[in-house]
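Quick note, the sequences are listed as chains A and B, same order. Residues in the first sequence are numbered from 2 upward in steps of one, following our numbering. Residues in the second sequence are numbered from 2 upward in steps of one, following our numbering.
None of these hints come from the bench; they were simulated from the model. Don't be surprised by glycine CBs; every beta carbon is placed ideally from N, CA and C. Worth double-checking, as some hints may not be accurate.
Unchecked claim - Calculated cross-link-like contacts (lysine to aspartate or glutamate; reagent style EDC-like; alpha-carbon spacing at most 20 Å): (1) K501/A with E525/B; (2) K441/A with D541/B; (3) K501/A with E531/B; (4) K130/B with D62/A; (5) K441/A with E474/A; (6) K130/B with E466/A; (7) K11/A with D31/A; (8) K99/A with E333/B; (9) K130/B with E308/A; (10) K361/A with E104/B.
What the hints assert, rightly or not - Take a look, some chain B residues computed to stay more than 10 Å from chain A by CB distance: (11) K3; (12) S14; (13) S118; (14) E277; (15) R312.
There are 2 protein chains.
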Amino acid sequence: MKNISSGELKEASLPRLREICETLREEIVDTVSVRGGHLASNLGVVELTVALHRVFDFPTDKIVFDVGHQCYTHKLLSGRAAAFSTLRSRGGLSGFPKRGESEYDCYETGHAGTAVSAALGIAKARDLKNAAFNVIALVGDGSFHNGLIYEALNSLKILNTRVLIILNDNGMSISPTVGGTHELLSEMKEGDAPIEDVALFERYGLTYMGVYNGNDLEELLPALQSAKKALASGSVLLHVSTRKGQGFAFCEREPERTHGISLGKSGAEYSTALGEELTALARRDGRVVAVTAAMTDALGLRPFFREFPGRAFDVGICEEHACVLCAALATEGMRPYYAIYSTFLQRAYDEIIHDICGQKLPVTFCIDRAGVTGADGETHQGVFDLSYLSPIPNLVIAVPKNIAEFRAMLRASVNFSGPLAIRYPREGEEGELGDFEMLKFELLHSNMSEIIIYAAGERCLRLAERLYAAASERGVCCSVVNARFVKPVDREMILSRNEKYLITLEDNVLAGGLGDAVARVLREAGLAQERVLRSFGYRDAFIPHGQAQELARDFGLDFESILAYIMECHARG
Amino acid sequence: MKNISSGELKEASLPRLREICETLREEIVDTVSVRGGHLASNLGVVELTVALHRVFDFPTDKIVFDVGHQCYTHKLLSGRAAAFSTLRSRGGLSGFPKRGESEYDCYETGHAGTAVSAALGIAKARDLKNAAFNVIALVGDGSFHNGLIYEALNSLKILNTRVLIILNDNGMSISPTVGGTHELLSEMKEGDAPIEDVALFERYGLTYMGVYNGNDLEELLPALQSAKKALASGSVLLHVSTRKGQGFAFCEREPERTHGISLGKSGAEYSTALGEELTALARRDGRVVAVTAAMTDALGLRPFFREFPGRAFDVGICEEHACVLCAALATEGMRPYYAIYSTFLQRAYDEIIHDICGQKLPVTFCIDRAGVTGADGETHQGVFDLSYLSPIPNLVIAVPKNIAEFRAMLRASVNFSGPLAIRYPREGEEGELGDFEMLKFELLHSNMSEIIIYAAGERCLRLAERLYAAASERGVCCSVVNARFVKPVDREMILSRNEKYLITLEDNVLAGGLGDAVARVLREAGLAQERVLRSFGYRDAFIPHGQAQELARDFGLDFESILAYIMECHARG
């Protein structure tokens, strides 16, 4: 579509604005159908974003998008319409706000709950610089379960500044929103916000205002004008009720399934296996319980929730709380499974250390979307988990070679004596289970060569198999090991092998991962001088959006380079 | 003191209970004056804990102490009176709840805000097992700023279980409590809790009850009885107003200074230097702002807060929010300094990654209490930071050799172009500044030897100097390097040195720290076969309480072993 200028938007009649909304909506649907991305969340805020651009002056005024998965209309209205078709492709527009992409994107987000804190920081800096502009945080109701929001609200009076918080209330996080806060918000948007609820927000120093049909510009525009006026003298909470997926019937009916649209699914999903195995385990063992932070479907837990509703807990976008809850359930003999994306687990780091591992409790982390994930970019790559989990005492880290082995790990986990983290990518192949034993590597190819590859996880093992085949074609032998435990690594196997050249492959940054662990074993055994270890993994950089395979290659897991290195080892002998 | 049996406590008259409280208070004061520990927080809850033991049946009933720094009376009343004099000493009682120490300690804590989540998990497991006991979370008002509490409150209805939350309100966290939540609580304990505030808690599914003189057993006992009764049919919030430091005049007057009593202070404090340098920087540069999460005094920031109240922000126990706030301040050109203890920074891990480093913002983390800290034990050792920070792209990690160098790093930080973490222990020596340059190691002793020691931070450099001296006495030369940047390490210096034997020393666990970083440089340069690297740091274990020096030695930084290794290298040649 063509760019719509700020001037045009500010002068357009109401019918023309409605036309613009329809054009934007079509553009979003068309682009997402080609590029994938967040659909329902973006469709819900088309009118709200148009109204914001009409009433406020961006980029002088600043807006922080909580999570950031609802910024497409903002991108389309800020000079990026022509580029919008490149959405989520390598080198194209990001699906999230990016400072480097436009001066209209003042703060980068990706995980829930940061927008109010960020808006407060921007507003405080404004005050300190004696500047004059408006600062807005646009926050979905799902984020109102996240603790960070309350930490920020508590700061409003301390910081003594002015922000406009727009609570975009669609009654969903990714799963339908749950819990006490949700009930509070529901009552408010029934149109008769009880005085004590308004008082809750006012206690924090916020003036409460509400729009209960937030997809109607006729209601929205005057409400935003009033909020802007009120913002001159203090902070405002504007509660806007919107419909997720608005204007696109399929999304309106299926807001959870259409929250994110992904393309190019090429294999089976680990999440399906998780749901099947956990449900089967739960049938046999009454101690098995499942916990998720607002991601039931994406993690494959729906069958478990259906069959064992009393033993399945979706606590909302509360990664830390979910972690402590698992620890406590385990102190009383339960076997909790905490399913979560790799990148979101970063939120619970302190609790993994102290609550789970400090108490050596048998909680199993099912860490989905590990490794490079692709089109969501920097904030969604799962490339740090091996590094941040490896230093934690008592924790075992498992990385299955395929879905069959993932199932075996899950079955073994239920009687495992301490904390266990199983990390896996979204997609893979069912494959075959080899010789599985906890804490042991698996030797896949062994021959009288001087080269051995230790690979962790399905992506790397596939790469290892391709390398093995390509090297064989060139007359070079190498051994291949399924390095399925990264902490502890299988010291016995590493020390028992006599190959001179060791290669490690991991779908993780290099610092603190598999390569470093193998190197430590060699050093401690005094073998580092006889053996030559080379680690392949991702270099020290944030990995942007693009296709996962392509990114993996460009950031360090490059088949050609590794093959060249193998040939070089062979030549050196 | 002698153990007081549960039977005795349950049958004692009110005057006798008051006597018991005085005995307990004396025992706490006497022990803390010898062993150090948390004084004011423990004195505040003597009556409350006695009343809890009178009304409830521990260990059948379960109590979770939030933070855990108020559990001394509980320890004294649960069979640990005779051992109490060993508090906080190696092998003696911990200053925090420990499951291994007593069946009365059902859940381990150390950091704020976990107790409600933990109580919910324990209660839910009880329900699933069809067991019958009461579950209590004792939470200070300071933790009511922490986001985790709201995440847990939001879960009350989801989990559909029953817990008693006791809000121990003394108007303090470590610093006096701040912000909107504090005002809410203050109003409530004035004796006329506004209906909308009670409604706030009731919205989450809690029955609200209050005792406004929580150091008076005559009020406390019936209130706890009522709460216990109400707990049979649903969750209860009992708001108890106590006086921190109660019964000990000095503590009552100086609750912040007497929150924790430490003994054996032996050197200057890095925190004093932080306060001096940041204040000086702020005088010259209007962009400098300071942020803390409820630790103003302990981190040395009081002078800054006094001189620049408008540029200093104590946001309460909200480590994540503080981190995002810093990021946002930096996007608008400020130079934020986030001062925090190493162990508490774990709470903000996701925000360090995405908000600060993902956006490459010039925020400086001043990480105090790094390395083994001693008597507070597992939850307070700062031995993971080098490992969890090293994998993060864009971050520079600095480790000063003494306070003079710490000052130089702070002065350099104000114009540094990206995120910087400076980690340092509590105490050290002012020392002298050598040749300081950002991102460069410093060669302290150089000679024609085959051995070179790379040491990060003051503890390790002192150890290196002792090793250097002891080896010299034995006729063995070695070179010594101040490895003051752990990320990135000074590759140029490492590769330019010709010593065969490299030794790294770090006050951190071995996985993912300095040793691994140096090893990676050697591997990448193809030098790993010619050089012999041995890393000394802490082994893969949680380090319990004890004296810091003693723990450092026992967990891996053992002078004798390292010296023996140096002599062995020399002999091997």
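Against the structure, the hints come out as follows:
{"no.": "1", "hint": "K501/A with E525/B", "result": "holds, 16 Å"}
{"no.": "2", "hint": "K441/A with D541/B", "result": "holds, 19 Å"}
{"no.": "3", "hint": "K501/A with E531/B", "result": "holds, 15 Å"}
{"no.": "4", "hint": "K130/B with D62/A", "result": "violated, 55 Å"}
{"no.": "5", "hint": "K441/A with E474/A", "result": "violated, 30 Å"}
{"no.": "6", "hint": "K130/B with E466/A", "result": "violated, 48 Å"}
{"no.": "7", "hint": "K11/A with D31/A", "result": "violated, 26 Å"}
{"no.": "8", "hint": "K99/A with E333/B", "result": "holds, 15 Å"}
{"no.": "9", "hint": "K130/B with E308/A", "result": "holds, 18 Å"}
{"no.": "10", "hint": "K361/A with E104/B", "result": "holds, 16 Å"}
{"no.": "11", "hint": "K3", "result": "holds, 30 Å"}
{"no.": "12", "hint": "S14", "result": "holds, 36 Å"}
{"no.": "13", "hint": "S118", "result": "violated, 4 Å"}
{"no.": "14", "hint": "E277", "result": "holds, 22 Å"}
{"no.": "15", "hint": "R312", "result": "violated, 7 Å"}
When each numbered hint is compared with the structure, violations occur for hints 4, 5, 6, 7, 13, 15.
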